[in-house]
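Produce the complete structure using the sequences and hints provided.
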Amino acid sequence: MSNNAGVSVRNLTRQFGENRVLDALDVELEPGAFVALLGRSGSGKTTLLRTLAGLDAAPADAQIDVPTPTAVVFQEPRLLPWKPVWQNVALGLADPNPRRRAEAALGEVGLSHRLDAWPGTLSGGEAQRAALARALVRQPKLLLLDEPFAALDALTRMKMHGLVLDLWRTHAPTTLIVTHDVDEALLLADRVLVLEHGRIATDLRVGMDRPRDPTNPGFGPLRAKLLRALGVELPAARVLEPSA
Amino acid sequence: MSVMSAAPIRLALPAVTQVRAPARRRFSLAGYRRFLSPLVLVLLWQAASMAGLVSPRVLAAPTTILASAWDLLISGELLYNMAVSLQRVAIGLAIGVSAGAVLAVASGLTRLGEDVVDAPMQMLRTLPFLALVPLFILWFGIGEVPKIGLVALGTTFPIYINLFAGIRGIEPKLLEAGRVFGLSRWGLIRHVILPGALPSGLVGLRYALGTAWLSLVVAEQINATAGIGYLINDARDFLRTDVIVVGLMVYAILGLSADALVRLGERRLLAWRPTLVGR
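Chains as they are written, first to last, in our numbering: chain A, 1 to 244; chain B, 1001 to 1279.
Don't read these hints as lab results, they were simulated from the structure.
Mixed in with the good hints, there may be bad ones.
What the hints assert, rightly or not - In silico DSBU-like links for lysine-lysine, alpha-carbon gap of 35 Å or less:
id: 1; chain 1: A; residue 1: Lys159; chain 2: B; residue 2: Lys1173
id: 2; chain 1: A; residue 1: Lys83; chain 2: A; residue 2: Lys159
id: 3; chain 1: A; residue 1: Lys225; chain 2: A; residue 2: Lys159
id: 4; chain 1: A; residue 1: Lys83; chain 2: B; residue 2: Lys1173
To be verified - Just the calculated beta-carbon pair ranges, DEER-fashion:
id: 5; chain 1: A; residue 1: Ala151; chain 2: B; residue 2: Gln1221; range: 57 to 67 Å
id: 6; chain 1: B; residue 1: Gly1182; chain 2: A; residue 2: Glu30; range: 24 to 34 Å
id: 7; chain 1: B; residue 1: Ala1083; chain 2: A; residue 2: Arg99; range: 24 to 34 Å
id: 8; chain 1: A; residue 1: Arg100; chain 2: B; residue 2: Ala1083; range: 47 to 57 Å
id: 9; chain 1: B; residue 1: Leu1112; chain 2: A; residue 2: Gln63; range: 29 to 39 Å
id: 10; chain 1: A; residue 1: Met158; chain 2: B; residue 2: Leu1112; range: 48 to 58 Å
id: 11; chain 1: B; residue 1: Ser1184; chain 2: A; residue 2: Pro217; range: 44 to 54 Å
id: 12; chain 1: B; residue 1: Ser1257; chain 2: A; residue 2: His171; range: 52 to 62 Å
id: 13; chain 1: A; residue 1: Gly32; chain 2: B; residue 2: Pro1172; range: 26 to 36 Å
id: 14; chain 1: A; residue 1: Gly162; chain 2: B; residue 2: Gln1122; range: 51 to 61 Å
id: 15; chain 1: A; residue 1: Asp213; chain 2: B; residue 2: Ala1271; range: 43 to 53 Å
id: 16; chain 1: B; residue 1: Thr1275; chain 2: A; residue 2: Ala154; range: 27 to 37 Å
Said to hold, decoys possible - Below, a sample of chain B positions facing chain A; criterion: calculated Cβ distance under 10 Å:
id: 17; residue: Ala1177
id: 18; residue: Gly1178
id: 19; residue: Arg1179
id: 20; residue: Leu1183
id: 21; residue: His1191
id: 22; residue: Val1192
id: 23; residue: Leu1198
id: 24; residue: Glu1266
id: 25; residue: Leu1269
id: 26; residue: Leu1270
id: 27; residue: Ala1271
id: 28; residue: Arg1273
id: 29; residue: Pro1274
id: 30; residue: Thr1275
Nothing here was measured: the structure is a model prediction, and the numbers come from that model.
Note that CB positions come from ideal geometry on N, CA and C, so glycine has one too.
See the structure below:
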C-alpha cells in the first residue's frame, strides 16, 4: 500500500480450474482518474475489481499497489435490512460521532429525508444512493463501482450518472467502474479499458468535455471502436461514414 | 411523387376501466358468528349436566367450573400454583434457550464447532425427550431439578435447530459487504450474523415455548407438591373434574399468553422486515 493514490497492478494471473480469467495482467490507474472497465461477460472484470477491493486474495507473484481506504459499490445495494439507512452508512466507521458523518454523506446523495428509513422501504435508486453514501463516508482514495447501475431503470440511471460525476469531482478518488454499457463508460470515464483474454486489450482516452451528451459527434467513433473491441459489429457505424 | 400521409391510426383499445368491487362493509356480525358454535356447545354441555346426562365425575358443568375457578382464585391457591409452574417454565426456558443459542452459535460460526456439536445434537434431537423422564428421576430425584431439567432439555433443540439454520442462511453477499467496509470478525457476528439469524431464532423460540408447556405438563406429573400439575393430580384423587378443567384452562391461557408475548417481541425486533414495514 503506498501513499500514492494511484493503482498499480503487475503480473496478476487468476485462474479458476482450466479457465485463466486474468493472464499476467498489468494496469496502472493514475491518481484521481475516472476509469471504466469494459469486457464481455466472463472476461474477468469483476475478478479484477474484487482483487483490487481485497475481497479475493492476490496470488503471491502479483504486485498490487492499491491506496487505502478503498470503498466498493456493488451491483446490488447490499444494505443490511435490519439497520436503518444511516447505520448502514456508518457501518464499521471508527468515529466518535458516526451519525453526523452518515448524515453528511446521505445529504450529499440527496437522502437526508431517509436517514431513519429501513432499507426495505427504499426504491432501487434510493438504495443504490445509500450504498454510494456508505462508500463515500469512508473518504476513499480508491472507489470501486461494480456495475452499480445495471439494475436501475434508464431514468434513475441517468440521474445516478450525474450524481457519481458530482461526487467524483468533489472528492476526487481514483475511480474504477466496471460496466458492460459502452455508453455509460463513455459518459463517465476519462479512460476506457477493455479486458480480453485476461489482459487489457484496448486502452482508450476519452477527451470529451463534461457534461457529455451522447448525441455529441465525438461519441459515435469511440462507441464503434469500443463495440468492435467487444466483438460487436455495429451496422450503424457504416452509415456514419460518408459514402459519397 | 406520392406523399405518404401519416394518417393517424386510431387503435380501438378496449377501455380499461378498473372495475372495483363494491366495497361492502361486512358488519362484525360475521365476526361474532365464529364464536356462536362454541357458545352453543357450552350451552348444550350445561344443559346436559343439568339434565343429569353428564355425571360430574365425568365432566363438571361449566357453571361449576367457573365457580371453582373463582374459589381457587379468591383463596390464592390458583395464583400460587400458577406462579410455581411459571417459575419452572421460566427457569427451564432460560437454561434451554441459552444452551440452544450458545450451541447454535458455536456450531453455526465455526467448522470445528459444527463437527463437534451438530452431529450429537442431530442424534439427540430424534430422541423423544419425554422418554427420558425415568432416567431424569433416577438422576435427579423427584424435586425441582428433573422438572426444570425436562423443560430445559425440551427447549434446547428447537432453539438450536432454528438458530443454526438462520446463521447458515445469512446472505454471503452481506457478509462480504460487511468485510469490505472494515467489520472485524466480532463486528460481522454482531452486526450481520446475529441480527440476520434473529427471525429464525424467534421462530425457534415460539416452538420452544410450545415444547416448554408440554414438558411442564409431563414434569408436573412427577410427584409435584405445587404447581398447576399438582392441582390437577390432587383434584383427580378427589374426583374434582371441575378443578381439573380449571387447571387445563390455565395451561391453555399461559401458553397462549406466552406465544402472544413472543409475537409482540417479533413485531418490535423485526420491524425492519419488508412484510412488517408500513410504507
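Practice item. Hold the hint about B:Glu1266 up to the distance rule: shortest CB distance to chain A must be less than 10 Å. Key: violated (13 Å)
Exercise for review: Take the C-alpha atoms of A:Lys83 and B:Lys1173, compute the straight-line distance between them, and say whether it is at most 35 Å.
Suggested key: This hinted pair holds, its Cα atoms lying about 16 Å apart.
Check your understanding: Using the C-beta atoms of B:Ala1083 and A:Arg99, is the stated range 24 to 34 Å upheld?
Key -> Given range 24 to 34 Å: violated, Cβ gap about 44 Å.
Check your understanding: Should the hint that B:Arg1273 touches chain A count as held when the rule is a Cβ pair under 10 Å?
Key -> holds (7 Å)
Point to revise | Satisfaction of the B:Ala1177 interface hint, Cβ to chain A closer than 10 Å | key: Nearest chain A Cβ about 4 Å off; hint holds.
Check your understanding: Taking the beta carbons of B:Thr1275 and A:Ala154, is their distance inside 27 to 37 Å?
Key -> 30 Å Cβ-Cβ, so the 27 to 37 Å window holds.
Exercise for review: Under 10 Å, Cβ to Cβ, is where B:Val1192 needs to be relative to chain A, so tell me if that hint holds or is violated.
Suggested key: With a minimum Cβ separation of about 6 Å from chain A (threshold 10 Å), the hint on B:Val1192 holds.
Point to revise | Hint validity - B:Leu1198 Cβ closer than 10 Å to any chain A Cβ | key: Holds: closest Cβ of chain A sits about 7 Å from B:Leu1198, inside 10 Å.
Exercise for review: Classify the hint on B:Pro1274 as holds or violated, based on whether any CB of chain A lies nearer than 10 Å to its CB.
Suggested key: holds (4 Å)
Point to revise | 52 to 62 Å as the expected CB spacing between A:His171 and B:Ser1257, which holds or is violated | key: Holds: the Cβ-Cβ distance is about 55 Å, inside 52 to 62 Å.
Review point. Range hint 57 to 67 Å: satisfied by the CB atoms of A:Ala151 and B:Gln1221?
Key: holds (59 Å)
Point to revise | Residue hint B:Thr1275, partner chain A, criterion CB-CB below 10 Å | key: Hint holds; B:Thr1275 Cβ to chain A Cβ min 9 Å, cut 10 Å.
The structure fails hints 7 and 24 (numbered hints given earlier, in ascending order).
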